[in-house]
Amino acid sequence: MQSIYCPYCDAVFDEEDMTFGSAKRRRLLAADSTREDVVDYLFMDANVRGPVEELWYHSFGCRRWFLVTRDTRSNLVLSSRSLEGEGQDG
Amino acid sequence: MTGKPPLGWASAARPGGIDIGVNHEVARSVHGYSLSTLLRQGLARHPRWTPAWRRASAKTSYDIVIVGGGGHGLATAYYLAKHHGQKNVAVIEASWLGGGNTARNTAIVRSEYASAAHGAFFLASRHLWDGLSRELNFNQMVSTRGVIRLYHSEFEMDATRLHMSEIQANGSDWEFLSDAELRSLEPLMNRNRDTRFPIVGAAIHRKGGIARHDSAAWGYARAASALGVDIIEGCRVTALRTRDGSVVGVDTEQGPVGARAVCLCVVGAATELAATVGIKLPLRAIPLQAMVTEPVKPVLNHVIASATQNFYANQSAKGEIVIGTHQDEYGSFAQIGSQSTLMRSMAGFCEVYPALRNLRLMRHWGGNIDVTPDESPILGLTPIGGLYVDGGFGAGGFKATPAAGLTMAHTIVHRESHPLIASFGLDRFNQGALRPDTSVGAH
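Just so you know, the protein sequences line up as chains A and B, in that order. Going by our numbering, the first residue of the first sequence is number 1, and it counts up by one from there. Going by our numbering, the first residue of the second sequence is number 91, and it counts up by one from there.
These aren't lab readings, by the way, just hints derived from the structure by calculation. One thing to keep in mind: the hints can contain errors.
Here are the in silico distance ranges between beta carbons for each label pair [unchecked claim]:
1) A:Ala-31 x B:Thr-528: 29 to 39 Å
2) B:His-504 x A:Ser-33: 34 to 44 Å
3) B:Pro-346 x A:Ala-11: 51 to 61 Å
4) A:Ala-31 x B:Asp-269: 51 to 61 Å
5) A:Leu-78 x B:Asn-448: 36 to 46 Å
6) A:Ser-33 x B:Asp-269: 51 to 61 Å
7) B:Leu-128 x A:Val-12: 57 to 67 Å
8) B:Val-290 x A:Asp-40: 35 to 45 Å
9) A:Arg-63 x B:Pro-388: 43 to 53 Å
10) B:Pro-346 x A:Ser-82: 43 to 53 Å
11) B:Arg-525 x A:Leu-78: 35 to 45 Å
12) A:Val-12 x B:Pro-346: 43 to 53 Å
13) B:Thr-528 x A:Val-12: 35 to 45 Å
Heads up, the beta-carbon is just placed ideally off N, CA and C, and yes, glycines get one too.
Please construct the entire structure, taking both the sequences and the accompanying hints into account.
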C-alpha cells in the first residue's frame with residue numbers, strides 16, 4: 001500500500017485515506033486566452049514520466065489539499081508539502 | 091433473443107451503413123499451418139518449422155513506418171500490404187513483438203456501444219474477428235461465450251434500459267437476463283440478498299467473448315511479414331523528424347529511418363514522441379491491472395463484469411480465472427499499479443464468487459492504458475503532414491485491433507480519415523466536439 005505523508009497532520013497515512021486530485025494545475029486561464037490556450041488548459045495533461053507534483057486530498061483525515069511529489073516511473077511517493085505560499089494559481 | 095432479425099455475421103458487414111470492405115480472403119503467402127503440415131512435421135519430429143516472421147533490420151528509408159509492434163501496429167501494417175499493396179512498410183518495436191500492452195490485456199472482444207460512431211466501429215471490429223483465424227492462417231481462439239454485466243442497483247438497471255435500444259439500433263445484441271436465466275447460466279454466483287451489493291439484475295451481450303492476445307500479434311506479424319513488411323524488434327524510436335510541416339522519418343536507437351508517412355501505434359510513449367515534433371496529445375498513461383488464479387475445472391461460462399464491484403473475469407482455456415480490475419485512480423508508467431485498486435476489485439470478485447476465494451493467485455501484473463478526456467480513442471490525421479495517430483483506447487483497445495488496423499491503413503493511403511473513424515480525429519478537441527460513450531464502460 002502506498003504511504004503518504006500529510007503535512008497538516010504531520011503523520012503518514014495509507015493511500016486509502018487519500019484522494020488523488022490531479023497533477024499540479026497550470027496557471028489559471030487569462031481573460032485574453034486564445035482557443036489554443038483553452039484547449040490546452042482543458043484537455044492536455046503533462047503526462048510526465050518521472051517525478052511529478054500532484055494535488056492530493058486527505059479525505060478521511062484533515063480534509064485538506066496538499067502537494068505530493070511522486071515518481072511515475074516507480075510509483076513511489078518522494079515527498080509531500082503544504083500548499084502554503086502557492087497562491088491562487090498554485 | 092430480441093425480436094430483431096439475427097445479425098448476418100457471415101455476410102459482408104455494413105456497420106453504421108458503411109461498407110468496411112471485409113475481405114477474409116486468405117493471403118496465399120500465409121498458408122502453411124494445417125492439420126496435414128502438423129502431422130507431417132510431427133511424424134518427422136519437427137525438422138522444418140521456420141520462424142513465423144522474418145527478423146529484419148532497418149533500411150535507411152521506407153514509404154511508411156509504423157511505430158509500435160503491438161496488435162494495432164501490426165494489423166495496420168498487414169492491411170497496408172493486403173488491401174493497398176503497400177510493401178515498403180516497417181513496423182519498429184522498442185522491445186519484443188507483442189510484448190507491451192498487447193501481452194498485458196485480458197483479450198475481451200465485444201461491440202455493445204450506445205453511440206453510433208462507437209457502435210459502427212466496434213461492430214466492424216467484431217465482424218473482423220470472426221474470420222480472422224482463417225484469413226491469417228493462425229488460430230485467434232475467438233470464444234463467443236457472451237459477456238454478462240451485473241447490476242447492483244436500480245440506478246444501474248435504469249441506465250441500461252436507456253442504452254439498450256441504442257445499442258440494438260447500432261446492430262449489436264444486448265438483452266436483460268431473467269433471474270432464472272442468470273442462475274442457470276452462472277450457477278456459482280452469489281445470489282444472497284444480504285451482501286454489501288446484492289445482484290439485482292444482469293444483461294448479456296451474446297456476441298461478446300474473448301480471443302487470444304498473443305495470436306493477434308503473432309498472426310498479424312506472420313501475415314504482414316509474408317507480404318513483405320519489415321518487422322524490426324528491439325529498436326526504440328526516440329523522436330520523429332519533420333521538414334516544412336511534414337514528417338520525413340524517425341530517429342531510432344539504430345540511427346535515423348526515413349519515411350513519407352509515420353503512424354504512432356504506441357501506448358505510454360505516445361505523448362513524448364508526439365512532443366518531439368510539437369504535437370500535444372490529450373492522453374494520460376494510467377495503469378490497468380489483471381491477475382490469474384491457479385487452474386480449476388470449468389466454473390465460469392461467460393465473461394462476467396461488474397462496474398459496482400470493480401472487476402471483470404473469465405476462465406481461460408487452461409482453467410485459470412482471469413480477473414481484471416478497474417483502472418487506477420492516478421497515472422504511472424511503472425506497470426505495477428496501485429494496491430488499493432487491486433484490493434477493491436478482489437473484494438468485489440470474492441463477494442460475487444465466494445466459492446473461488448480460496449484459489450491461489452499465480453500471477454498479477456499491470457499494463458498501461460492511454461486515456462483521453464472523453465474516454466474515446468484518437469484515430470487519424472495530425473497537424474503534421476504524413477503523421478498519423480492510433481491511440482487513447484483506454485481499456486478497450488484489444489477488441490479494436492482488426493478495425494483500427496483496417497481503418498488506419500485506409501487513412502494513411504488516402505490521407506483522409508476512413509468514414510468509420512471520422513468522429514475520432516485529434517481535431518475534435520480543438521472543436522470541443524467530444525465523443526463520449528458511457529453506456530457500459532471500457533472493458
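Here's how the hints hold up against the structure:
1. A:Ala-31 x B:Thr-528: 29 to 39 Å: holds (33 Å)
2. B:His-504 x A:Ser-33: 34 to 44 Å: Since the Cβ atoms of His-504 (chain B) and Ser-33 (chain A) sit about 36 Å apart, the hinted range of 34 to 44 Å holds.
3. B:Pro-346 x A:Ala-11: 51 to 61 Å: holds (53 Å)
4. A:Ala-31 x B:Asp-269: 51 to 61 Å: holds (58 Å)
5. A:Leu-78 x B:Asn-448: 36 to 46 Å: For Asn-448 (chain B) against Leu-78 (chain A), whose Cβ atoms are near 38 Å apart, the range 36 to 46 Å holds.
6. A:Ser-33 x B:Asp-269: 51 to 61 Å: Since Ser-33 (chain A) and Asp-269 (chain B) have Cβ atoms about 55 Å apart, the given range 51 to 61 Å holds.
7. B:Leu-128 x A:Val-12: 57 to 67 Å: Because 59 Å falls inside the window, the suggested range holds.
8. B:Val-290 x A:Asp-40: 35 to 45 Å: Holds: the Cβ-Cβ distance is about 43 Å, inside 35 to 45 Å.
9. A:Arg-63 x B:Pro-388: 43 to 53 Å: holds (48 Å)
10. B:Pro-346 x A:Ser-82: 43 to 53 Å: Distance hint for Pro-346 (chain B), Ser-82 (chain A) holds at roughly 48 Å.
11. B:Arg-525 x A:Leu-78: 35 to 45 Å: holds (37 Å)
12. A:Val-12 x B:Pro-346: 43 to 53 Å: holds (49 Å)
13. B:Thr-528 x A:Val-12: 35 to 45 Å: Given range 35 to 45 Å: holds, Cβ gap about 37 Å.
The structure is consistent with each of the numbered hints, conforming to all of them.
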